[in-house]
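K.L.:
Here are the chains, one letter per residue:
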Amino acid sequence: MRKTWIAATACTLAVGLAACGGSAPVGATDSPSGEGVAPGERIKIGSLHPLSGGAAADGQQMDNGARLAVEAINEAGGIAALGGAELELLSADTQGKPEVGQSEAQRLIQEGAVSLVGTYQSAVTANVSTVAERNQVPLVIDVSAADSILQQGYRYTFRIQPSSEVLGTRGAQYLAEVSAAAGSPAQSVAILHEQGAYGSSIRDAFTVEAEKLGMTIGPVLAYDPASVADFTTQLTQIKAAGVDVLAVTGYYRDGVLVAQAVDTVEPGLDAVYGVANGAFDLPQFPAEVGAAGEGYFDANYHSDMTKPEMQELARLYQERFGDQIRTGAVLAYDAVRVIAESLENAGSADATAVRDAIAQGEFETYLASTGPIVFNEAGENENAIPILMQVQDGAVKQVHPEEFAEAEPVYPAEPGQQVR
Amino acid sequence: MTPAPERPADGPTHTTATRDENMAQAPDADPTPVAPPVRGRTLPLLRIAAVLGLVVVAIALAYLRSGSGLVVTQAVVTGILIGGIYGLVAMGLTLIFGVLDIVNFAHGAFLALALFATYWLVASYGMHPYLALAVSIPVMFGLGALVQRGVLAGAMGKPLENQLLITLGLALIIENALLLFFEANPRSVALPGDRAVPILGAVAELSRILAFAGAIVLAGLLFLLLQRTRLGTAIRAVAANDTGAQMVGIDTRRIYMITFAIGTACAGAAGTLVAPLVTIEPTTGALFNIIAFVVVVLGGMGNVVGALLGGLIIGLAEQVGALLLPGQSPLLSVFIVFVLVLFLRPQGLFGRSA
Chain A
1 MRKTWIAATA CTLAVGLAAC GGSAPVGATD SPSGEGVAPG ERIKIGSLHP
51 LSGGAAADGQ QMDNGARLAV EAINEAGGIA ALGGAELELL SADTQGKPEV
101 GQSEAQRLIQ EGAVSLVGTY QSAVTANVST VAERNQVPLV IDVSAADSIL
151 QQGYRYTFRI QPSSEVLGTR GAQYLAEVSA AAGSPAQSVA ILHEQGAYGS
201 SIRDAFTVEA EKLGMTIGPV LAYDPASVAD FTTQLTQIKA AGVDVLAVTG
251 YYRDGVLVAQ AVDTVEPGLD AVYGVANGAF DLPQFPAEVG AAGEGYFDAN
301 YHSDMTKPEM QELARLYQER FGDQIRTGAV LAYDAVRVIA ESLENAGSAD
351 ATAVRDAIAQ GEFETYLAST GPIVFNEAGE NENAIPILMQ VQDGAVKQVH
401 PEEFAEAEPV YPAEPGQQVR
Chain B
421 MTPAPERPAD GPTHTTATRD ENMAQAPDAD PTPVAPPVRG RTLPLLRIAA
471 VLGLVVVAIA LAYLRSGSGL VVTQAVVTGI LIGGIYGLVA MGLTLIFGVL
521 DIVNFAHGAF LALALFATYW LVASYGMHPY LALAVSIPVM FGLGALVQRG
571 VLAGAMGKPL ENQLLITLGL ALIIENALLL FFEANPRSVA LPGDRAVPIL
621 GAVAELSRIL AFAGAIVLAG LLFLLLQRTR LGTAIRAVAA NDTGAQMVGI
671 DTRRIYMITF AIGTACAGAA GTLVAPLVTI EPTTGALFNI IAFVVVVLGG
721 MGNVVGALLG GLIIGLAEQV GALLLPGQSP LLSVFIVFVL VLFLRPQGLF
771 GRSA
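From first to last, the protein sequence lines are chains A and B.
Numbering-wise, our numbering puts 337 at position 337 of the first sequence, and it's gapless, one number per residue.
Numbering-wise, our numbering puts 720 at position 300 of the second sequence, and it's gapless, one number per residue.
Worth flagging that the hints you see were computed from the coordinates, not collected in a lab.
Even glycine gets a Cβ: it sits at the ideal position worked out from N, Cα and C.
Any given hint might turn out to be false.
[Said to hold, decoys possible] Pairwise CB distance ranges (calculated): (1) A:G290 x B:R648: 40 to 46 Å; (2) B:A554 x A:T216: 50 to 56 Å; (3) B:A573 x A:D204: 54 to 60 Å; (4) B:V637 x A:A291: 28 to 34 Å; (5) B:A633 x A:S227: 22 to 28 Å; (6) A:D204 x B:V471: 37 to 43 Å; (7) B:I593 x A:E377: 45 to 51 Å; (8) A:G290 x B:I636: 43 to 49 Å; (9) B:L490 x A:V220: 52 to 58 Å; (10) A:S227 x B:A554: 53 to 59 Å; (11) B:A633 x A:V220: 33 to 39 Å; (12) A:G290 x B:S544: 17 to 23 Å; (13) A:T352 x B:G546: 56 to 62 Å; (14) A:G153 x B:L584: 52 to 58 Å.
With the hints as extra help, turn the sequences into a complete structure.
P.N.:
If you want it as structure tokens, here you go:
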């Protein structure tokens with residue numbers, strides 16, 4: 001044991017010293033050329049994501065997305081307003097733990113990060129946002145749904161993805177629109193959702209809007225995503241209730257289990273309909289569940305694959321990392337671009353000036369949305385919306401609203417049946 | 421959590437010769453074996469009957485509550501099948517706890533290792549998932565022996581937290597090594613010919629039924645090994661009283677190593693059997709850890725058959741409880757059952773017989 005401690009201390013010291021060495025020159029900023037940036041000095045952006053632990057797959061994707069954005073900006077000549085200063089990405093691993101995220105955020109700020117990007121899990125983001133606020137360093141949230149994060153009156157926290165209220169409301173509207181257009185409007189909807197803040201806030205927003213649109217909701221079943229092992233009992237309950245549509249809100253692993261249970265129980269639904277579901281719109285999903293996932297819908301925030309530059313980014317990502325890009329990576333990419341453009345607009349690397357530029361700016365996005373990224377008073381992206389995706393022939397296709405559609409929605413889509 | 425070797429003052433004079441149950445019943449049962457062939461079998465029977473009675477009551481209540489026979493049948497079928505898997509995972513854990521007195525936090529990580537080994541064999545050699553058992557069991561057995569001899573042997577007899585921290589560290593190393601080599605994208609293993617099988621109106625996936633059957637076979641084999649072989653007798657002797665076992669000439673260090681290896685091999689078998697049922701990620705094994713610990717305590721620490729029965733009870737509590745308490749986490753009913761058992765019978769439902 002003692003030897004281990006000595007080794008650990010030695011490692012920590014080494015890392016600590018290296019970090020000090022790296023950050024020391026930041027203090028010397030009395031340069032004439034630009035505010036806060038010495039010539040040849042790189043502007044640091046902190047990327048906080050879960051690179052290990054249960055969400056590592058998403059976290060690594062997002063970190064890769066942020067890295068691609070930094071490389072693209074540097075290749076295009078850096079920040080022109082700051083004498084072509086280049087960006088540098090400081091990556092940190094939150095391990096999906098709030099306390100680790102908090103201390104890593106503190107570390108990145110001490111190392112000179114002028115802005116932070118992150119973090120995927122709402123609980124981690126909540127802690128990181130307090131650090132950002134205290135240090136007056138802007139935090140651009142790429143993914144984290146909980147509404148509460150931006151209800152604290154923070155000035156330095158901004159969010160690109162739509163809030164759970166927008167996700168739930170739009171989800172219900174799309175279901176009504178698509179099913180009505182197909183001539184068999186969804187009348188009764190069962191909800192299966194994870195029991196945390198994310199699942200229940202989406203459930204509430206979805207229920208309110210769906211009832212307004214004349215659908216009846218029930219049964220509503222909650223589950224614990226960390227421990228659930230099988231959904232056949234829940235699906236049998238839903239089958240017994242005889243509903244038209246099953247709405248599902250949850251993460252990846254549980255989404256796969258739902259698809260397996262639907263395949264086993266055959267509940268006779270018109271559609272399985274994800275609302276901000278973390279599984280049904282991922283390219284891995286049809287690969288893992290096979291034909292059982294055919295026809296699944298998901299109303300979720302998503303990269304807009306109808307944009308040529310987004311297709312180019314997807315191709316680049318595939319080439320560089322040998323994996324299909326997920327929306328999380330695109331959001332991280334967008335978040336870095338928001339910061340870069342704000343540096344440009346502010347003409348300064350001062351954190352407060354960058355914050356003001358973020359609050360006032362309009363930013364291009366690769367996300368499917370109603371317009372450019374614009375933040376309101378609370379820091380929410382006003383134009384963020386979900387779009388509807390469907391698994392067709394083993395691939396996730398954008399199907400609704402029309403301006404984002406790559407293919408026609410197929411409804412009813414009885415789960416597991418080959419979509420024509 | 422009482423430490424395992426609870427020695428009655430008169431223990432060493434006869435325990436190695438007699439049988440297992442006496443340690444658990446040490447407080448109440450008379451240790452002098454008046455009628456040895458009975459071996460206290462009537463007591464567990466009574467308890468099993470009581471548990472079964474409670475299960476029936478819970479199912480009846482669930483029926484009243486949900487009003488659909490089909491839903492309740494499905495809950496019972498699913499509960500039993502999931503329970504078998506919980507028992508399967510807990511068996512190795514309980515064996516290690518009963519004999520070595522180690523709370524093995526690395527059990528889930530060993531399971532994950534077997535999951536990835538299965539995935540690797542299926543993906544690169546096109547092997548049938550269940551044939552991978554022929555690889556995962558011996559490999560995990562060897563790994564268990566190595567880990568016990570190389571890492572844990574030095575901590576035997578030291579305070580509990582030493583071993584606990586070592587196994588926790590092992591779990592971290594294994595999980596992150598898997599993350600490093602296999603990367604973070606989720607993987608899956610498909611069972612050829614997997615389909616829905618109807619059972620009394622309810623349905624279940626074939627792979628779950630086979631995993632359940634595997635759990636029962638494994639429990640049976642372990643039971644036979646412990647009860648009918650010389651090695652098993654030696655393991656039980658070490659579990660009962662290691663000093664006494666040493667005195668009659670049993671090499672306890674070897675027994676420790678073999679037992680840990682068997683426990684790890686159980687994790688290997690469990691990993692391969694559940695591979696078609698789960699999304700394979702480095703953290704998948706850890707998901708089973710908490711439930712497995714609950715099952716171990718419920719079934720009586722060190723009791724392999726108890727682990728299987730404990731698993732069934734937990735599986736049923738989870739599924740039937742979800743019908744009884746709609747809108748709550750299924751874990752709520754699991755922990756209600758768990759706390760009740762701890763309160764009424766702290767040594768576990770089925771006493772203790774390693």
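K.L.:
Are the hints correct? Go through all of them and say.
P.N.:
Hints, one by one, checked against the model:
Against the hinted window of 40 to 46 Å, the Cβ-Cβ separation of G290 (chain A) and R648 (chain B) comes to about 44 Å, which satisfies the hint. At roughly 53 Å, the beta-carbon separation of A554 (chain B) and T216 (chain A) lies within the given 50 to 56 Å, and the hint holds. Range check, A573 (chain B) to D204 (chain A): Cβ separation about 55 Å, and the 54 to 60 Å hint holds. A hinted range of 28 to 34 Å holds for the C-beta pair V637 (chain B) and A291 (chain A), which are about 31 Å apart.
Our hint of 22 to 28 Å for A633 (chain B) and S227 (chain A) holds, since their Cβ atoms are close to 24 Å apart. One distance hint, 37 to 43 Å for the beta-carbon pair D204 (chain A) and V471 (chain B), holds here, with the actual separation near 40 Å. In this structure, I593 (chain B) and E377 (chain A) meet the distance hint of 45 to 51 Å, their C-beta atoms being roughly 48 Å apart. Roughly 29 Å separates the CB atoms of G290 (chain A) and I636 (chain B), a value that falls outside the hinted 43 to 49 Å.
Distance hint for L490 (chain B) and V220 (chain A): a CB-CB separation of about 20 Å, inconsistent with the stated range 52 to 58 Å. For S227 (chain A) and A554 (chain B), the hinted distance range of 53 to 59 Å is not satisfied, since their beta carbons lie about 31 Å from each other. With their beta carbons about 35 Å apart, A633 (chain B) and V220 (chain A) fall inside the hinted range of 33 to 39 Å. Under the hint 17 to 23 Å, the C-beta atoms of G290 (chain A) and S544 (chain B), about 20 Å apart, fit the expected range.
Separated by about 60 Å at the C-beta atoms, T352 (chain A) and G546 (chain B) satisfy the suggested range of 56 to 62 Å. Checking the proposed 52 to 58 Å range against G153 (chain A) and L584 (chain B) shows it is violated: the Cβ atoms sit about 44 Å from each other.
Comparing the model with each numbered hint stated earlier shows that hints 8, 9, 10, 14 do not hold.
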